[in-house]
Amino acid sequence: MSRAGPCLAVLLPLALLQVAGRCGGGSGSGGQSVREVRSPDVRCAALGDEFPPGFGFVPGAPGRVWVADFAPPSFVPLDVSSVPPQVPAAPSPFLLPPDSDGDGIAEGSFQLPLSPILDGIAVVASDLAFATASSYEEVIFVDAQRGGLRSFEVAVDASFARADNPQLPVPGTSALRTALSTFACVRPPAGALDSRGDPVATSVPQRGFCDPTQPSYLASFTSGAAVAGGHLFVSTSNLGNGAGTSNPQFLPGSVLVYDLDLAATPPRVAPNPDVPAIVTTAFNPTHVTAFSAAGRDFVLVTVSGAIGIAEDQPGTPEIESAGIALTDAAIDVIDARTLELVATVPLGRAGLAFGRLAIDASGRVAVAGSAVARWLLAVDLSVLSGLPASAAPPLVLDGSSGPDAVVFDAAAPFQIPARPDGAPAASCPGFTAGVAFAPAAPRIHASDYCDGTLAAIDVDLAGSPPAPLAAARFDFVSLSAVTAALRSDTLGRPRGPSALELRPGIPGVDFSGPELFLLVSQPGLLCGIDLE
Amino acid sequence: MSGDRIGRLAGGGLALCAISACVACATPAPAGPPPSPASADPGPPELQTPPVVVGAVEPGTLPEDPTAFTTVVEMDEYAGEARTVPEIVGDTVGVQVRSFGGPGDPSEISIRGSSPNQVVVLLDGVRLNTAQSGAVDLSTIPRDLLERIEISRGGGSVQTGSDAIGGVVNLVTRSPSGRPSTAATFTGGSWSTYEGSLVQTGPLAGFEVAAGYQGFGTDGDWRFQAAEREVDGVPLPSPQGTFTRVNNDRQAHSALLRVARDTGDFGRLRLNEFFSHQSGGVPGPDSGGGELLGQSLTARSRGTRNVADLAYELADVTPLGLSGDVRLFHRYDRRRFEDEEPRLGAPVDSDDRNQSLGGRLDARRSVPLGPSEHLASLGLELREDWLASSDFGDFDRRVAGVFAQDEVRLLDGQLRLVPALRYDATQGFGGEWMPRFGALLLPLPWLRLRANVERSYRVPNFDELYFDEEFVRGDPNLEPEDAIDADLGFGLGLDRAGPLRGVWLEAAGFYRDIKNSIVFQQLSPFVLVATNTGAATVWGVELAGGLRALGWVGFTGNWTRLDTEVERTGLPLPGRAQSEYLLRLDVGPDDGAIRIWGQRRFTGEIPVTFDGGTRVGARAVYDVGLVLDLSRVALLRGWVPGTSLLSSVTATNVTDQSVRDAKFFPQPGRTLSFRVEWRQ
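Chains as they are written, first to last, in my numbering: chain A, 12 to 543; chain B, 9 to 688.
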């Protein structure tokens, strides 16, 4: 009997095994499991994921907003003229492409592991929005009219060292890019300390100095963008070690400055060679707001202060997990022409919320929320017109070295009432995450992330009162529940209202339907609230 | 070491053996009659009646629970098929397995809508659930070292104590035997996936021994499509093209040693030792941006487990007529997770070491009382669990449990009533009573009716109590989860029904009311906290059956319908498919010379979030395979060494569906595997 058969019977399976490991399988192209999302509320449009980073109305496009979505990073246009808001026929939602800045290197790749995590969006023109992103730090140029990304010419002056902007074109050159990397070298003043009180010279973590000649670090946690005085200003929080602890390390915060020419074709942006970065007076700048008064252009920087998370106290039944303000907050004032930090309004341990300032239509008062309490903080902007173009050190606008601009600070905040069935104070004492002024009347609307409420506060600006505005001119009007409070028994219900904006125009005249729009974190929603 | 390298080494070794075999083939056979062919007809397959565990239970397995709805999976039923433990367990009615990827990637089990940490998983009777996290990753279990898997749906709290709200899975390893046997397997498949095992049983120095090893490796670089999303009926853009799972290599090694020896007429001494080690990459979800969709290139994990168990099984020879066993056990688990560059937060380097040391005493006695017979059981269990965590410190907890059960047999055993009661005292949580009542009625030889009602509970694990790292917090004041379970059903089995053979059918309805479910949720803008949420109910129907026709065709199937509701919101519990069914067809002669099989698994819509607004759509996946027993092929009969040499090809997800589970991790598309199994 031939022995080839039995040998073949044994060897063939073994050969097949050797082949098997090299048999690639399929790729899942035969059909999809689709993730379907439905809005639970007729007033709201569902978004692709929880914790949407931000949204903004498009100037000149009635009822049009752009929403930044978290995962995957994407942008969704919505028409808020309908209830609930709807995706229009055009432009279309779009994903952030793998190479978001167009430098030829895909982020989130083997070559470049970091990938952008969207943080917010600021719509600055009918055809332009700036979206900020962390991790792969950048400001993304969004075409607010047609969707997709816009190309800008990004130039770097030859006076820069390569390490000053490692992800931008080589100094002395320019290139077309669809985003602006904000990995910029920040050089704090000599002897600067971090939020823990340690010298920056010895506490800069890991990667070391971007300028080998002095303590320095690359900007991180890009948080806000604004255009003023022909410049693009970008705030970066510069969080170091210990995120999520009771005492995280914040390195001195910065506002990066870029020359901006939107009239050019293509638009042009370049790090300002003289003042590429301004170090803020306090830690953790979380947004920038453009403001003009008396013919001058300013940038108001929301400097939140270092914020940690309370440690749980074993002896109490609650789980302490609230935000705690570790250092003072402030509103820094930058002259957008001279690029100098000319003044600061100290607000104490206010833990300012991480958003744009709300400024009334007359430009008299700027209001901010708080990330650590159910507060509003406010500053009187009327003093800014008298500020010098240059001041070193910056004037302190609390009546000490400059006029008093403090209306509400941490020592005497505007307290929004708590909801009777609201969030436990130990875990969530308040977070006024979204603040906005009504366009036509001096009324503030503020959302509280913890209680799920919307507060209305009137401001009496009649009679040109002197600075600072008296606290009595702020009158609490109403409190309404828009979502469930953040409690253990509300799981499954919409919770966590955050950013809010009022629709431009006069309700009932320029548009009908809801006038206030806010983001809800769980689930991700954009909701229209009819204030009447 | 990559799967590819393991494959080359093992394949080379086996090739050498094959060549040696061929050299032996070349040697003239000794004079004598030719080997007889394999027995012509082994008879019809064993009747697949719903199993009732009666009589003596092999020590180390799930103790008697005669009224529970239990499925026993004999691993030999899957001989030749390249299936993993998660896949095999997931084929069982009432069981859903959630996968975080492909072969070697983590999997967790849900029974009758439970959460994964509400299922007790035993290895030869020793609890694998750690006091830290509770859930057991089934992908760490080596399939070829198992003899059978016992899945008790809705029962087991009296026997196992805390955590068995959903049920109990007992993984029984290869038994030591005085009869020499050898089994070797080798599997190779897509994505450079290789697996090999060798199990030897037999006598050694007066002991019965079972020893085995299984190794596994994969490059895990399978391709997938990005998830599609639809919001309020409008498709949102998804990354286009085909992506590759990166940093998804995995290697695993497992070893088993079981030694047993009869000690005269009084009993049997047994020692079990099980060791496993896994390591590999952790790419995470694909929900981010960039070229790799946010997959991590740097996260890595390693795990080591050792289970040691020494038991003495007392035979029923004492003056009191008692039988039982006493055992000591120790389990060690170490898990390391490292990520130098996480997407968010600081670099991670976690090192968690869990240990459990305990002992258990079980005693049984049969007592006739008038018209009834009583099978009384008593048990005592003491256990201490330790955790040494680099993240949040060291913790320990002691548990003491005592339980009693009486199986009352009436009407010549046709009616069995089984009251049982357990009391557990857990350090920090006081004492809990777990009563249970079950009934089994056998009105006809081929019909069984069962019903059970039971209280079960779950003590919060250490993660839920004490975790304190960045944005996640435990709550030391958590209350235990508390549940009442009830089920009712029947099973029938017919040897023959006209042209059909081996007909069996099982149906059950079940209901669970659970309070204080523990969930991590956002309670502050910055932190997720473990919380007791409100009440929820789970109810459903299980249907399973099978038959054989014409001597060639076998059909099995099961269907599970699951409805869940959170009391406060009226919305379903997330992560549980509302329905699942499996239809399987086997074609081949009774002697098993060749078998072609195919199955369709349907998974219904899965709610993903507590708000009910996000769901994963329904899907159907097809698997097929061919198994050939070369020892039964007429041309080769007598030349193939050993009792069987199975050679098979298995194709899973034949239609290459893009499958995503409730956690929305991508899973492989079509996968091809070849397997060789040899037994002596």
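Hints were generated in silico from the structure; no laboratory data involved.
Be aware that one or more of the hints could be misleading.
[Claimed, not checked] Selected chain A positions facing chain B (Cβ under 10 Å, derived; list incomplete):
| no. | residue |
| --- | --- |
| 1 | Gly113 |
| 2 | Ala117 |
| 3 | Gly255 |
| 4 | Thr501 |
| 5 | Arg506 |
All of these numbers come straight from a predicted model, not from anything done at the bench.
Idealized CB from N, CA, C, for every residue including glycine.
Going down the list of hints, with the structure as the test:
1. Gly113: Constraint on Gly113(A) not satisfied, violated at 14 Å.
2. Ala117: Status holds, d = 4 Å.
3. Gly255: holds (3 Å)
4. Thr501: Constraint on Thr501(A) satisfied, holds at 8 Å.
5. Arg506: Holds, because the Cβ-Cβ distance from Arg506(A) to chain B comes to roughly 8 Å (cut-off 10 Å).
Comparing the model with each numbered hint stated earlier shows that hint 1 is the single one that does not hold.
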